[in-house]
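Student: In order, the protein sequences belong to chains A and Z. Quick note, the first sequence lines up with residues 1 to 387 if you use the working numbering. Quick note, the second sequence lines up with residues 388 to 858 if you use the working numbering.
Bear in mind the hints are in silico, worked out from the structure with no lab data behind them. All figures in this text were calculated on a predicted structure; none of them were measured in a lab. Incorrect hints may have been included.
[Said to hold, decoys possible] Below 25 Å or equal to it, Euclidean Cα-Cα: the simulated BS3-like pairs (lysine-lysine) are:
#, chain 1, residue 1, chain 2, residue 2
1, A, LYS280, Z, LYS759
2, Z, LYS730, Z, LYS773
3, A, LYS380, Z, LYS730
4, Z, LYS546, A, LYS380
5, A, LYS250, A, LYS169
6, A, LYS186, Z, LYS547
7, A, LYS169, A, LYS280
8, Z, LYS773, A, LYS116
9, A, LYS336, A, LYS368
10, Z, LYS773, A, LYS54
11, Z, LYS758, A, LYS280
12, Z, LYS730, A, LYS105
13, A, LYS101, A, LYS116
14, A, LYS10, A, LYS336
[Said to hold, decoys possible] Computed list of chain A residues with no C-beta within reach of chain Z, every gap over 10 Å:
#, residue
15, GLU96
16, ALA110
17, GLU206
Even glycine gets a Cβ: it sits at the ideal position worked out from N, Cα and C.
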Amino acid sequence: MKISNSIELKTTSDYLLPVFYNSYDKVWIQSLLEVYKRNVGRSYQFNNLILSQKQFYGASYKKQKLMQSILDKQFFKSKKFKAIKPSQIRQFCFRESAKTKISLKTRKFAIERASKHFKIPKHAIEHFMYYDLKSARISIQPSEMDDIENLLLKANLLMVQALLLSSEKVNIFISESSRPIIRYAKWKGLICHLLQNKVNGITEIEISGPLSILQKTSIYGKELGGLVPYLAAMNEFSLSAWIQYGKQVKILKLSKADPIFPKQNLKPFDSKLEENFYKKFLKSTDDWDLKREPGPFQAGHSLVFPDFALTHRTNKNLVWYLEIVGFWTQQYLDEKLVKYKQANINNLILCLKESHKCEIRDLLEKAKVVRFKSSIQPNKILEIINV
Amino acid sequence: MQTYSTSHILEFNKGTLLLKVQSSNSSSLFEQFVWDERVGAQRAKASKYDEIVKVFASNQSHRLDDRVYKSLGSLSNWEAISLRTYQKAALLNWEASGKKGIVCLPTGAGKTRVAIATIAYSNVSTLCLVPTRVLLHQWIKNVHEFYKGPIGILGDGCKKLHPITVSTFESAFRNMPWIGNCFKLLIIDEVHHFGNAIRDEIFSMSIAPYRLGLTATRPDSDKNSLQLQNLQEFVGPIIFSMNIHDLTGVYLSDFSHIKVSLRLNQVEAVRYERESKLFKSYYRSFKKQYPDSNWQEFTKLSSLSASGRQALAAYFRSRRIVNLPEAKIVKLESLLQQHQNCKKLIFTSDSESAITISRLYLIPAITSEIKKAERESILQDFLQDKIKAIVSCKVLNEGIDIPDAEVAIIVGGNSNEREHVQRIGRLLRPSEGKKAIVYELIMLNTHEERQSIKRGKPFENFKFNRIKNNI
Chain A
1 MKISNSIELK
11 TTSDYLLPVF
21 YNSYDKVWIQ
31 SLLEVYKRNV
41 GRSYQFNNLI
51 LSQKQFYGAS
61 YKKQKLMQSI
71 LDKQFFKSKK
81 FKAIKPSQIR
91 QFCFRESAKT
101 KISLKTRKFA
111 IERASKHFKI
121 PKHAIEHFMY
131 YDLKSARISI
141 QPSEMDDIEN
151 LLLKANLLMV
161 QALLLSSEKV
171 NIFISESSRP
181 IIRYAKWKGL
191 ICHLLQNKVN
201 GITEIEISGP
211 LSILQKTSIY
221 GKELGGLVPY
231 LAAMNEFSLS
241 AWIQYGKQVK
251 ILKLSKADPI
261 FPKQNLKPFD
271 SKLEENFYKK
281 FLKSTDDWDL
291 KREPGPFQAG
301 HSLVFPDFAL
311 THRTNKNLVW
321 YLEIVGFWTQ
331 QYLDEKLVKY
341 KQANINNLIL
351 CLKESHKCEI
361 RDLLEKAKVV
371 RFKSSIQPNK
381 ILEIINV
Chain Z
388 MQTYSTSHIL
398 EFNKGTLLLK
408 VQSSNSSSLF
418 EQFVWDERVG
428 AQRAKASKYD
438 EIVKVFASNQ
448 SHRLDDRVYK
458 SLGSLSNWEA
468 ISLRTYQKAA
478 LLNWEASGKK
488 GIVCLPTGAG
498 KTRVAIATIA
508 YSNVSTLCLV
518 PTRVLLHQWI
528 KNVHEFYKGP
538 IGILGDGCKK
548 LHPITVSTFE
558 SAFRNMPWIG
568 NCFKLLIIDE
578 VHHFGNAIRD
588 EIFSMSIAPY
598 RLGLTATRPD
608 SDKNSLQLQN
618 LQEFVGPIIF
628 SMNIHDLTGV
638 YLSDFSHIKV
648 SLRLNQVEAV
658 RYERESKLFK
668 SYYRSFKKQY
678 PDSNWQEFTK
688 LSSLSASGRQ
698 ALAAYFRSRR
708 IVNLPEAKIV
718 KLESLLQQHQ
728 NCKKLIFTSD
738 SESAITISRL
748 YLIPAITSEI
758 KKAERESILQ
768 DFLQDKIKAI
778 VSCKVLNEGI
788 DIPDAEVAII
798 VGGNSNEREH
808 VQRIGRLLRP
818 SEGKKAIVYE
828 LIMLNTHEER
838 QSIKRGKPFE
848 NFKFNRIKNN
858 I
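Model the full assembly from the supplied sequences, consistent with the hints where possible.
Tutor: Below, the structure written as structure tokens:
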């Protein structure tokens, strides 16, 4: 899809200028938000139908669409079914229906049989039959809702990242340590080329992919877009990205002054392991919330930051802390355990790589150890915390 | 004893090749390489590997320390594969054209069998690329029939490499920088998805000197000439081609094609007319202003104005009316009853219509939202006669083996010839005494009439039964 079809842009002969969301957009976003709030309890399809007929005053089509996609994610989260899966209802109904001649009459009988089989009313059979599909998903009021200011910033960040999807390389000028940027780039298989080192205190790095010098490619666009949140921590920076725009290459320039950093934007993950666990865990349970980097907790004269806090949704007092230990030494592990002991964090789950030869010494009484090969299975964690 | 003036190390580096010169007196550069000052070495596309190795082999003054290929083990445990005459011919043509090229065979003609025979014949590490997760598992099953060794999977949450590995396009695209040096043969199912600059990097990042593309529709009509050019570069030329006409009756089932023309009811017709009028008046004035514009430009520019947006919204509403109006539902019901005991495939133009039909007649729908386990269970039920019909929008268009469906009901579609051929192809897998029937439901006085003519072009000279205006 062409980027100009989905992102509000202005162009000059050399530059791409995204039209960022600003305070003038707040009024229509508030109205849009009201529609979502009003439709809580209704289906995705219904909400979409209502919005397809609405054009908010002051909103451009593209900006409205992008904001809707952000709100969709917050209001229409997927739901797990524990008692009867909609797919089981479907399978039963389809098999029953196939036994007789297809007609609207025989359909009624199939639904009746399903109702008896699952011991739920007929209307519930109808209601839950496709309940798991996105189109039938029901809107739920999010427990934590972004304020409008943050929604604007999130949308702007998405715009920038969408533009960077078509980029081949970026140049970044920074005056601080470039370590987090370089660490991320290397993790993603990109090449960092130092163009100028600390001239007037400023470092210029070019970040691109190996294939970029051989052919036009957009394969690194997603990773280059992933760099942007790391820039939020910089006091000052300037980024230039070369973007394939139709048959031309245009430049996108970004700086600290651009409104592209959401306030509560999550700090990027330290490792793929953490990121995978975070995503998998949230998918596998509806009962627990997962918070990254809770704390800090006082541990003697220093501080300790567990990787995650797992809080039960209905019983907020039930909290477990999770620490992932990837590739570290015995000394590191011992020091870490001492800190947790000093911090009196009893309900600790320590995830240790199986290949890790370290001994677990001085573990707190209630603490648990989970060994993993290459990734941490959420089920193992849930087995511990659900007891 | 051979003496070399220069020594080189060739390495695979994230989907490319890096050439490091060990002795300092080298000044010669090879045309396949570009100097990469970011890393201080010569860099080339991985796809040039075979060429580079040959250049070095013929060059007396350069010694190559080749560290590129990463072996995943050897292939063994093959069972005999029998091929039909045309399948053998396809394999021979591929061999004759330097083990590169595209085979075009209609759905049901055994493209996968040709591919498996190619792997067995070449007996080299192979990466099979398939478009969807459903096809990923189907391919693994098919390869297992003849190859008893382990099969690697890349996609659908799995990442396991073996000398024969099957991958979805998306997973291959993401992983090629790390696995591009593990395979010598690339098999690309539904190769017509490539050549349009989307995920084409897969081909540059793989060292595989041998490549086989498979498709049911030749990607060489005029509008696709650039695509064909690209595919020739990445995979090779079209080396073998047969169409449905060539195989029907002998290797593919015979079929009847029945066009059923229907009318919108009064309310629908008025609504359709109103929406179409709104759209057409805007579109005409737009076309006057921008006579050379295409549809993408139209949608882009019209979304900038309120009247343009209204026109676009009217366009989509008009489409929705025609997708599943009352007459189609009534006719569909009568066709379902008429072919009560046959296995039926129902194709719609959108997922919403597929789900509506599924709800109305309790027929399983296979859409992109239906997960793998459920999809497999539906296909299994279909195979075992536990259900008699499946409704789908696009998921069933390509590749999925449905061995014995006899009736297809096309409730809605677009003007894409390729999609139409693929859909009809779903019915043509042969079985004894089978005579397939394709029903195409078309709403008169709507855009569907034009669409039907356009997508039916590949079947224009067909000798099969064709019943028009069967209102």
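Student: Could you tell me which of the numbered hints above are not met by this structure, giving the numbers in increasing order?
Tutor: Going through the list in order, the structure violates hints 3, 7, 10, 14, 15, 16 and 17 and respects the others.
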